[in-house]
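Protein sequence lines, in the order shown, are assigned to chains A and B. Positions 3 to 298 (the working numbering) are the ones given, in order, by the first sequence. Positions 348 to 540 (the working numbering) are the ones given, in order, by the second sequence.
Honestly, the hints are just simulated from the structure, not real lab data. Be aware that a few hints might be false.
Here are the simulated DSBU-like cross-link-like pairs (lysine-lysine), alpha carbons at most 35 Å apart as the crow flies [stated by the list, open to error]: (1) B:K469 / B:K481; (2) A:K185 / B:K481; (3) B:K409 / A:K186; (4) A:K187 / B:K402; (5) A:K185 / B:K469; (6) A:K47 / A:K185; (7) B:K469 / B:K455; (8) B:K397 / A:K84; (9) B:K469 / A:K47; (10) B:K397 / A:K187; (11) B:K463 / B:K481; (12) A:K8 / A:K44; (13) A:K79 / B:K402; (14) A:K79 / B:K463; (15) B:K402 / A:K84; (16) B:K481 / B:K471; (17) B:K430 / A:K84; (18) B:K455 / B:K471; (19) B:K397 / B:K409; (20) B:K481 / B:K508; (21) A:K31 / A:K145; (22) A:K186 / B:K402; (23) B:K469 / A:K186; (24) A:K31 / A:K44; (25) A:K44 / A:K145; (26) A:K79 / B:K469; (27) B:K409 / A:K84.
So the chains spell out like this:
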Amino acid sequence: MSTRAKVRISLGVYVLLIIAAVAAFGATKNADSSFEPANEFKVDKWIDLGPLSINKAVLYIVIAGFLTVFTMMWVAKRMQAKPNRTQTVVELIYTSMRDNVTGANMDSRMATRWFPFIATIFLFIWYSNLIGYIPLPTNTEHKFDVFGLQVPHFALYAATANLGVPLMIAILVFVFYTGEGIKKKGLFGYLGSLVPAGVTGPMAVFIWFLEFLSNFMRLISLSVRLFANILAGHLIILFMSGGLAVLLGIHAVGIIALPAGILLYLFEIGLVATLQAFIFATLTAIYLGGAVSESH
Amino acid sequence: MSLLLQTITPLAEAAAGAEDENKSFLVSPDAGAMIWTLIVFVIAWIVLAKVAFPKIGEALDKRQAAINESIEAAERDRAEAEKLAAENRQNLLEARTHAEDILTRARKSADAHEAKARDEAKTKGEEILDQARKDIEAETRRAISEIRTEVADLTIQATAKVTGKTLDGDDQRRLIEEALDGLDFSALSGERR
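Whenever a hint applies, use it, and build me the whole structure from the sequences.
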């Protein structure tokens, strides 16, 4: 069968399914106000341990951390002279983090010290993002019965869709690069170096103030960029893969939107998950390198 | 169109509603998650920095060293091979010159041998031929002398029968010898001169 025929048949089936859904359920609005898409991102306490209470986000953080450590240890213990496919991927990540991200933004002594931190950031965020696209039984709000066992519904969630997770890493980055800057230039030296070279007079005061604020803005830009990307990705997948149909109460919308949901899912898992982790790691390297350079 | 409107209106309502009710948990950092992130991230960082990354780096460095070593070894081998090839070429050239030398000498020696053998054979043949000629001549002479004697005797006997008397042996023989001397026996010796 030619590709054209396949496309035509698929389109035909798609249209027929929409017509069938409209015929069976009608196209009238029957909105269900009890469904709150945002609740998918609500973290209910599972085990109350005060500030260390276990919830959905904690589960994802722990899984991401475990995968980061486990996969790297697993590969590190099995390093071969002739790498297999997994080792090749790990080596690619390792060398790109070491040479292209860390090595390109700071001198080699500093790069040696900070490479593990930057690589861990990339891996931890990458795994957090990726496992966010695997449906796991985490929706404790709704459960289903399996031979008398109440199993939570499968749902998509990501630790990085919780603002606290990227914010914490951003705080670490902020603390470390500020520390590096102060260690290199002294407190006043570092604060003075915030003004770009060549700016003098009253303007320098104004610029310094802006630069000082922008350093704190980095906390927000770093964390919100990642958080918003992942949250938006999950929300739009949720909407396109049925959420919209439930929200509107029009069944046919579910079928109309599903292909978009699948495409968005592939886009998120294939590009956004890796890209956002890479951006976070690269910016960390740039901030660290910038803090010890002569002036910004 | 109506379907589109029906779609958009509740969406906007839902979004607005979500903003009011869910702002608190959707965009506010969760302290618990932050603490857990700190703990998990720092543990992962330490383990990777102390154990995993050094091992991976070591393996990569080792491979890099092995690759460098291989390249150097290959270059060494190639230089060696080129040297050997040059030597071989030289040897071959020498061997060929040597072989040609030997061949020339052998050819010369063979030619000399052949010429010598030919000369010797020629000499030997001539010697044999000479000897044969001498033998034949001697034999012929002996045969002629015998025939002469025989002819003389027969003549004496025939004369005696015809005349009925016999000459004195010696006179008769002398007479016959004189007669025979006048005859040419050269045809008997096979010499046609």
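These are the hints, each one checked on the structure:
Restraint check: the Cα-Cα separation between K469 (chain B) and K481 (chain B) comes to about 18 Å, which is no more than 35 Å; the hinted pair holds. Annotation: proposed proximity of K185 (chain A) to K481 (chain B) is violated, straight-line Cα distance about 133 Å (limit 35 Å). Distance hint between K409 (chain B) and K186 (chain A) is fulfilled; the C-alpha atoms sit about 33 Å from each other, no more than 35 Å. Distance hint between K187 (chain A) and K402 (chain B) is fulfilled; the C-alpha atoms sit about 34 Å from each other, no more than 35 Å.
Distance restraint check for K185 (chain A) and K469 (chain B): the Cα-Cα separation of roughly 116 Å exceeds the 35 Å cut-off, and the hinted pair is therefore not satisfied. Using a Cα cut-off of 35 Å, the hinted pair K47 (chain A) and K185 (chain A) is violated, with the two alpha carbons roughly 41 Å apart. Among the hinted pairs, K469 (chain B) with K455 (chain B) is consistent with the structure: their alpha-carbon atoms are about 21 Å apart, no more than 35 Å. At most 35 Å may separate the alpha-carbon atoms for a hinted pair to count; K397 (chain B) and K84 (chain A) meet this at roughly 24 Å.
Among the hinted pairs, K469 (chain B) with K47 (chain A) is inconsistent with the structure: their alpha-carbon atoms are about 130 Å apart, more than 35 Å. A distance of roughly 28 Å separates the Cα atoms of K397 (chain B) and K187 (chain A); the hinted pair therefore holds under the 35 Å criterion. Proximity of K463 (chain B) to K481 (chain B) is assessed by CA-CA distance (about 27 Å); at most 35 Å being required, the pair is judged to hold. Simply put, K8 (chain A) and K44 (chain A) have alpha-carbon atoms about 42 Å apart, too far for the 35 Å limit, and the pair is violated.
Straight-line distance between C-alpha atoms of K79 (chain A) and K402 (chain B) comes to about 7 Å, which keeps the hinted pair within the 35 Å bound. Note on K79 (chain A) and K463 (chain B): the hinted pairing is violated, with a Cα-Cα distance of about 88 Å set against a maximum of 35 Å. Distance hint between K402 (chain B) and K84 (chain A) is fulfilled; the C-alpha atoms sit about 15 Å from each other, no more than 35 Å. At most 35 Å may separate the alpha-carbon atoms for a hinted pair to count; K481 (chain B) and K471 (chain B) meet this at roughly 15 Å.
Annotation: proposed proximity of K430 (chain B) to K84 (chain A) holds, straight-line Cα distance about 33 Å (limit 35 Å). Note on K455 (chain B) and K471 (chain B): the hinted pairing holds, with a Cα-Cα distance of about 24 Å set against a maximum of 35 Å. The straight-line distance between the Cα atoms of K397 (chain B) and K409 (chain B) is roughly 18 Å, inside the 35 Å bound, and the hint therefore holds. Annotation: proposed proximity of K481 (chain B) to K508 (chain B) is violated, straight-line Cα distance about 40 Å (limit 35 Å).
A distance of roughly 27 Å separates the Cα atoms of K31 (chain A) and K145 (chain A); the hinted pair therefore holds under the 35 Å criterion. Restraint check for K186 (chain A) and K402 (chain B): satisfied, since their Cα atoms lie roughly 30 Å apart, inside the 35 Å limit. Taking the CA atoms of K469 (chain B) and K186 (chain A), the gap is about 114 Å. The hint is violated against a cut of 35 Å. Of the supplied pair hints, the one linking K31 (chain A) and K44 (chain A) holds, its CA atoms being roughly 27 Å apart against a limit of 35 Å.
About 16 Å separates the Cα atoms of K44 (chain A) and K145 (chain A), which keeps this hinted pair within 35 Å; it holds. Between the alpha carbons of K79 (chain A) and K469 (chain B) the distance comes to roughly 96 Å, so the proposed pair goes past 35 Å and is violated. A distance of roughly 12 Å separates the Cα atoms of K409 (chain B) and K84 (chain A); the hinted pair therefore holds under the 35 Å criterion.
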